[in-house]
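Protein chains: 2
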Amino acid sequence: MRRSPMILALTFAALALGCAVDPLPTWADAEAKLQIVGFVERVTTRGSREFVAPAERIAVFDNDGTLWSEQPMYVQLAFALDRVKALAPAHPEWKDEEPFRSVLAGDLGSLAKQGEGALVKLITATHAGMTSEEFEHLVREWLAAARHPRSDRPYTAMVYQPMRELIAYLEAHEFRVFLVSGGGLEFLRPWVEEVYGIPRERVIGSTLRAQYESRDGQPAIVRLPEIEFIDDKAGKPLGIERHIGRRPIAAFGNSDGDFEMLEWTTSGPGARLGVLVHHDDGTREVAYDRTSPFGKLARGLDEATQRGWLVVSMKSDWKTIFPAPR
Amino acid sequence: MRRSPMILALTFAALALGCAVDPLPTWADAEAKLQIVGFVERVTTRGSREFVAPAERIAVFDNDGTLWSEQPMYVQLAFALDRVKALAPAHPEWKDEEPFRSVLAGDLGSLAKQGEGALVKLITATHAGMTSEEFEHLVREWLAAARHPRSDRPYTAMVYQPMRELIAYLEAHEFRVFLVSGGGLEFLRPWVEEVYGIPRERVIGSTLRAQYESRDGQPAIVRLPEIEFIDDKAGKPLGIERHIGRRPIAAFGNSDGDFEMLEWTTSGPGARLGVLVHHDDGTREVAYDRTSPFGKLARGLDEATQRGWLVVSMKSDWKTIFPAPR
Numbered sequence: 001m002r003r004s005p006m007i008l009a010l011t012f013a014a015l016a017l018g019c020a021v022d023p024l025p026t027w028a029d030a031e032a033k034l035q036i037v038g039f040v041e042r043v044t045t046r047g048s049r050e051f052v053a054p055a056e057r058i059a060v061f062d063n064d065g066t067l068w069s070e071q072p073m074y075v076q077l078a079f080a081l082d083r084v085k086a087l088a089p090a091h092p093e094w095k096d097e098e099p100f101r102s103v104l105a106g107d108l109g110s111l112a113k114q115g116e117g118a119l120v121k122l123i124t125a126t127h128a129g130m131t132s133e134e135f136e137h138l139v140r141e142w143l144a145a146a147r148h149p150r151s152d153r154p155y156t157a158m159v160y161q162p163m164r165e166l167i168a169y170l171e172a173h174e175f176r177v178f179l180v181s182g183g184g185l186e187f188l189r190p191w192v193e194e195v196y197g198i199p200r201e202r203v204i205g206s207t208l209r210a211q212y213e214s215r216d217g218q219p220a221i222v223r224l225p226e227i228e229f230i231d232d233k234a235g236k237p238l239g240i241e242r243h244i245g246r247r248p249i250a251a252f253g254n255s256d257g258d259f260e261m262l263e264w265t266t267s268g269p270g271a272r273l274g275v276l277v278h279h280d281d282g283t284r285e286v287a288y289d290r291t292s293p294f295g296k297l298a299r300g301l302d303e304a305t306q307r308g309w310l311v312v313s314m315k316s317d318w319k320t321i322f323p324a325p326r
Numbered sequence: 327m328r329r330s331p332m333i334l335a336l337t338f339a340a341l342a343l344g345c346a347v348d349p350l351p352t353w354a355d356a357e358a359k360l361q362i363v364g365f366v367e368r369v370t371t372r373g374s375r376e377f378v379a380p381a382e383r384i385a386v387f388d389n390d391g392t393l394w395s396e397q398p399m400y401v402q403l404a405f406a407l408d409r410v411k412a413l414a415p416a417h418p419e420w421k422d423e424e425p426f427r428s429v430l431a432g433d434l435g436s437l438a439k440q441g442e443g444a445l446v447k448l449i450t451a452t453h454a455g456m457t458s459e460e461f462e463h464l465v466r467e468w469l470a471a472a473r474h475p476r477s478d479r480p481y482t483a484m485v486y487q488p489m490r491e492l493i494a495y496l497e498a499h500e501f502r503v504f505l506v507s508g509g510g511l512e513f514l515r516p517w518v519e520e521v522y523g524i525p526r527e528r529v530i531g532s533t534l535r536a537q538y539e540s541r542d543g544q545p546a547i548v549r550l551p552e553i554e555f556i557d558d559k560a561g562k563p564l565g566i567e568r569h570i571g572r573r574p575i576a577a578f579g580n581s582d583g584d585f586e587m588l589e590w591t592t593s594g595p596g597a598r599l600g601v602l603v604h605h606d607d608g609t610r611e612v613a614y615d616r617t618s619p620f621g622k623l624a625r626g627l628d629e630a631t632q633r634g635w636l637v638v639s640m641k642s643d644w645k646t647i648f649p650a651p652r
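In order, the protein sequence lines correspond to chains U and C. The numbering of the first sequence is the numbering used here, which starts it at 1 and goes up by one. The numbering of the second sequence is the numbering used here, which starts it at 327 and goes up by one.
Hints in this document: simulated from the structure, not taken from any laboratory. This one's a predicted model, so the numbers in the text were calculated from it and none came from an experiment. In this text, a Cβ means the ideal position worked out from N, Cα and C, and glycines have one as well. There could be a bad hint or two in this list.
[What the hints assert, rightly or not] Example chain C residues on the side facing chain U (calculated, C-beta under 10 Å, incomplete):
1) R368
2) A536
3) Q537
4) F555
5) P563
6) S593
[Claimed, not checked] Chain U is nowhere near these chain C residues, computed Cβ spacing over 12 Å in every case:
7) P349
8) V410
9) V446
10) P619
11) K622
Please build the complete structure, drawing on both the sequences and the hints.
Here it is as structure tokens:
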């Protein structure tokens, strides 16, 4: 629904009167912000026809491309490529074996052509054979040292400030926010609490099989080189059902990998909010959607209007994109 | 550690002075209560050498035999047997097919002899082929009508009042309590929030595979007749790691199926509490341990002392076992 500038102005004036401090300062006073704030007001106002009890206020967020940058490649893929280089001396056979050969030759074009099977091979070869604690330590060390190739900032600084404000705004209204990512569960847990304020037990992600065993007389959980669950596309509603057991009332994504999560969320009864972040800002970030190898968004754009999903323009709805350097 | 009656008396007098209301009124003023209260005081008192930040105060509870009765059989098994009888008219082949034949003939002895494979066959035949919502509806209806064979009370009244007090006591001290059961995740979710005060997103249990599909044009999550995960024995630490991602500091169980959960919990650094509920009250409940087909407890009893686990005697540590009828 479109509103006249006058209505928008009056609405935000009213909101401004209502609360001294704007909870979403980096969101432009425009339609997207209005719809998000309006939804939250409706479901959290006692007596409202669409009031939702706090226990049922579940909001789910995708991570790559929704909360942080997924360009020029998924951050976890950059981590895996660095792991291949670090492990290569112990694997002389890799220089003749795909996809390792391409990675070590820096031929990402060839890697991309090898498809998902190659990625699975990279992940299982670099993410397994250690305990959960050991893997988390590797992730922390890598994130502390690695830099985003374009901004030269830590990857954890390449997060979207407006979305961080949105998470805090929802939590302040007694929502429970869960991260629902195609990325690895244990790649996310070490840092999402500090960066997004989402506790590690509220992270749903892809997993490797694991084994409980004794190491040096101490019990340990060891990661096996085998995919257990891929939390993407139709896997997202399944991961949500298994972990939360409640259908979310709000879902935030940016790619067709989030389509089923938004579909599952918004097809429930009562007030629902489905949001797609559209990467349309080639100046401040990267403009991409239908043809991107990472974060492809096509069906979502085609069906957003008929499904009543809100498409957020990073270019016009966000005053800033990344947090200011500390 | 054993304490003299005088020390105990003085300690509980001090506790009584400290708090006007005893948070564990159905626990006898004895060693078990003293150790539990002492642990909670140590990890929640700021400045204490063993203080644990609220975010890390994770407590895990087994369900069958720890929070509610598992005799004369697991409640979920009683549900499955009733489902077999309800579905039998549509499955004439069952009268000649094990384990259904034994179930329909009421021959539980024969059923027991058929082992875990038979149980899996019963579960997959009676718990799948429907949506999660449909299954939860079946569970609610059954629990509302079914009665425990000995007490003639609803199964949800066959819960242990001292353990319900303990859960509330821990929550009051900013613990987050999770249910970690070998039982079915979606058999537990419909009622644990009302009965134990544990929200459904804090339940970890065994699962069937599921599928996201469209039913009558609406998205649905459908349960498939295939075991996905068995949350028992070594599966419990794995379920805890995947769901919570923090090692608990307190674990409560009653059988050798909980051994690894207690081992994983109590082998971490800092203050830890491992508790086994011992079913030694043949008058008020059922006395069983080493030879019981349900809730067998042998290794736990053998190793509790050396591992520093607390063994709670239902007979002497609990003033009452079940809640008073409403």
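Those earlier numbered hints the structure runs against, lowest number first: 1
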